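Chemist: Turn these sequences into a full structure, and let the hints steer you where they fit.
Sequential numbering from 561 applies to the sequence shown in the working numbering.
Everything labelled a hint here was simulated from the structure, so no lab data went into it.
Treat the hints with caution; some may be incorrect.
[Stated by the list, open to error] For lysine-lysine, the following DSS-like pairs were computed, each having C-alpha atoms within a straight-line distance of at most 30 angstroms: (1) K909 x K754; (2) K909 x K894; (3) K684 x K594; (4) K902 x K912; (5) K1066 x K754; (6) K1066 x K909; (7) K684 x K754; (8) K868 x K754; (9) K920 x K754; (10) K902 x K868; (11) K902 x K920; (12) K1066 x K894; (13) K868 x K894; (14) K754 x K902.
[What the hints assert, rightly or not] Quick list of the computed label-pair ranges, beta carbon to beta carbon: (15) S1000 x E1034: 39 to 49 angstroms; (16) D1001 x R708: 33 to 43 angstroms; (17) E1063 x W916: 25 to 35 angstroms; (18) G997 x D704: 44 to 54 angstroms; (19) G596 x P830: 16 to 26 angstroms; (20) R708 x T866: 42 to 52 angstroms; (21) K754 x G596: 25 to 35 angstroms; (22) D625 x G997: 35 to 45 angstroms; (23) R1031 x P709: 51 to 61 angstroms.
Remember, it's a predicted structure, so these values are computed and weren't measured experimentally.
In this text, a Cβ means the ideal position worked out from N, Cα and C, and glycines have one as well.
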Amino acid sequence: MSASTGSSTTDVEVGAENEVPQLSALFLIRFDKKVGYTIAWKRSAVDVILDGAVEFKSLPSGLHDIQSDLVYFVHEGYAGLSAFAKGEASAEERNANFVSVGILVSRAYGRLGRSWLLAARLRKLATALADDVSATTPLEEFWDEQSRPKGKEAKEGDAMKKGHSRARALSTITAVVPSDQRLPPFHPALSMLKYVEVFGPLVFRLQQAALLRKRILFVGSAPVRVCCEFVYNLSVLSSIPPHAAELLSPGTEGLLRLPALFSIGVHDIPELERLQNPKANGAHTNGDEISPQGWVACTTDEIITTKKQLYDIVVEMPPTYDTPPLKRVWPTMKTADGAQIKASQRDLKKYKMLHWELWKHRHDAQANEDDDSDRAALLSREEENEDDVLNETFDDSIVEPITWSRLAYNGFMWWASAGEQHAYTSDERDRDRDLLGDLSDYHEGLPTAVIAYFHRSTTLLVNTVNGLIERSDEDDGDEDGEDGVLVVDKDDISRMGLDTWSEADKAFLSEFVWLGWGRGVDVRGAGLRCCGVTIPVF
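Modeler: Pasting the structure below:
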């Protein structure tokens, strides 16, 4: 697999992030109490049907309860962005005008085609048109200005036709991004810290589901902008870096990134049904089996969740997910059949480590105003307070309980060899800390640091599995293993960053290895007998 193939799997662009995209379509949607949502004005430079589609994509259910919003979506292979606004109107018009100004742009330069660069302009247009929907002259001017090919963009298009790759992605070059790199306003990756904070340790389970290319659906209420950005974040975080992608088996190109559908509604059900048929859509094949075509999306239409055959994972976003920590209700992650998915004990430890480093970095500016001794004391006090807040926000609903086997094993190891057990847990903690690195190296680029952390985690997983496979192939005469089956033990699982006691982690590993290498996995561990009882390692 070539590096150029891997480089197309991520798209938080740098270098071209300030190049406003050329418009493929521009339209004005308004709500008419007699006929519903209608396209009041439109222009298009491409042969794409807008009527009967973009009006529903631009105005998801529930927007009438809020004043404004931004909605990301996809339509006919194009990236879409609409700005919703509510203006005052007569009682005959239900005292409100609902309008949305939307665009379509090419996805040649990423999941959203840099559409966020036009978000501020769209919001301004929507606000003005909400007060007077007939004042479309600014739309005409906007279209004339932005529908013409840009000089640099035209050159980039020619380069792409000649086989050159597009602008480098921030998520693929995190090691060389300048320390003062700033993302432009409205860039969805700016919500990366909120994403980590909102989902807590479930960010690691979401990462696993995305790496398995599951169909993941976020379900919540308006506004939808934040959930659309979370869709973007998960798609970027779960992309497999080029250097790791080269280690996967040939024919796995379809696994390198998780497609993002962004906001969807009941009108998108036919498309979801089409994606449900993997053979018809060229999905990844592995032997005689075909993996479903995964995606991540968000919706305000709860009716979609009743069609369980259309998705694999549903993430329920409670109304209070965006409130201060002590008042927050955590999102719930479930399989399509209703089984709740919880974070592992190691996920919780890794999250607390990540949370603390992010929090500490955001307080560095304040701390640096004091002298060194005061800074150390301040951080020490604030760390205690932050840990208290963090601990109070978690409950048993989001983390797997400590198993009896683990308690018994830890108790036995403390009695039999406390030193060895301490060394094992200390090594695991040190590995997690080394993988996180020093976020201060990224200065103001914390979203970049989060992307780099998750990509390093994926690379560690791929590298470790690939190393085990290579050693297994060299040792294929080992009578303990079956042909094509990869045997792993608790130390192998620990080195991958997984929880050796989590059944969910073992199931993830088995499916990931099968998707990426077409190999079965046999997880083995030693057992201990204490007082006549066998205590398994896992």
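Chemist: So, for every hint listed, does it hold in this structure?
Modeler: Hint check:
1. Of the supplied pair hints, the one linking K909 and K754 holds, its CA atoms being roughly 19 angstroms apart against a limit of 30 angstroms.
2. Proximity of K909 to K894 is assessed by CA-CA distance (about 22 angstroms); at most 30 angstroms being required, the pair is judged to hold.
3. At roughly 27 angstroms between alpha-carbon atoms, K684 and K594 fall within 30 angstroms of each other, so this suggested pair holds.
4. Distance hint between K902 and K912 is fulfilled; the C-alpha atoms sit about 16 angstroms from each other, no more than 30 angstroms.
5. Note on K1066 and K754: the hinted pairing holds, with a Cα-Cα distance of about 29 angstroms set against a maximum of 30 angstroms.
6. The suggested pairing of K1066 with K909 holds, with an alpha-carbon distance near 18 angstroms, which does not exceed 30 angstroms.
7. A distance of roughly 25 angstroms separates the Cα atoms of K684 and K754; the hinted pair therefore holds under the 30 angstroms criterion.
8. A distance of roughly 28 angstroms separates the Cα atoms of K868 and K754; the hinted pair therefore holds under the 30 angstroms criterion.
9. For the proposed pair K920 and K754, the alpha carbon gap of about 15 angstroms is at most 30 angstroms, so the pair holds.
10. Proximity of K902 to K868 is assessed by CA-CA distance (about 20 angstroms); at most 30 angstroms being required, the pair is judged to hold.
11. Only pairs whose Cα atoms come within 30 angstroms are accepted, and K902 paired with K920 is accepted, the gap being roughly 27 angstroms.
12. Straight-line distance between C-alpha atoms of K1066 and K894 comes to about 18 angstroms, which keeps the hinted pair within the 30 angstroms bound.
13. The suggested pairing of K868 with K894 holds, with an alpha-carbon distance near 11 angstroms, which does not exceed 30 angstroms.
14. Of the supplied pair hints, the one linking K754 and K902 holds, its CA atoms being roughly 20 angstroms apart against a limit of 30 angstroms.
15. Checked against the hint of 39 to 49 angstroms, the C-beta distance between S1000 and E1034 comes to roughly 41 angstroms, which is consistent with it.
16. For the hinted restraint 33 to 43 angstroms between D1001 and R708, the CB-CB distance of approximately 41 angstroms keeps it satisfied.
17. Separated by about 28 angstroms at the C-beta atoms, E1063 and W916 satisfy the suggested range of 25 to 35 angstroms.
18. Restraint check, G997 to D704: a C-beta distance of roughly 48 angstroms satisfies the suggested window 44 to 54 angstroms.
19. Distance hint for G596 and P830: a CB-CB separation of about 19 angstroms, consistent with the stated range 16 to 26 angstroms.
20. The beta-carbon spacing between R708 and T866, approximately 46 angstroms, falls within the hinted interval of 42 to 52 angstroms.
21. Distance hint check for K754 and G596: the Cβ-Cβ separation is about 33 angstroms, which falls inside the suggested range of 25 to 35 angstroms.
22. Our hint of 35 to 45 angstroms for D625 and G997 holds, since their Cβ atoms are close to 42 angstroms apart.
23. In this structure, R1031 and P709 meet the distance hint of 51 to 61 angstroms, their C-beta atoms being roughly 53 angstroms apart.
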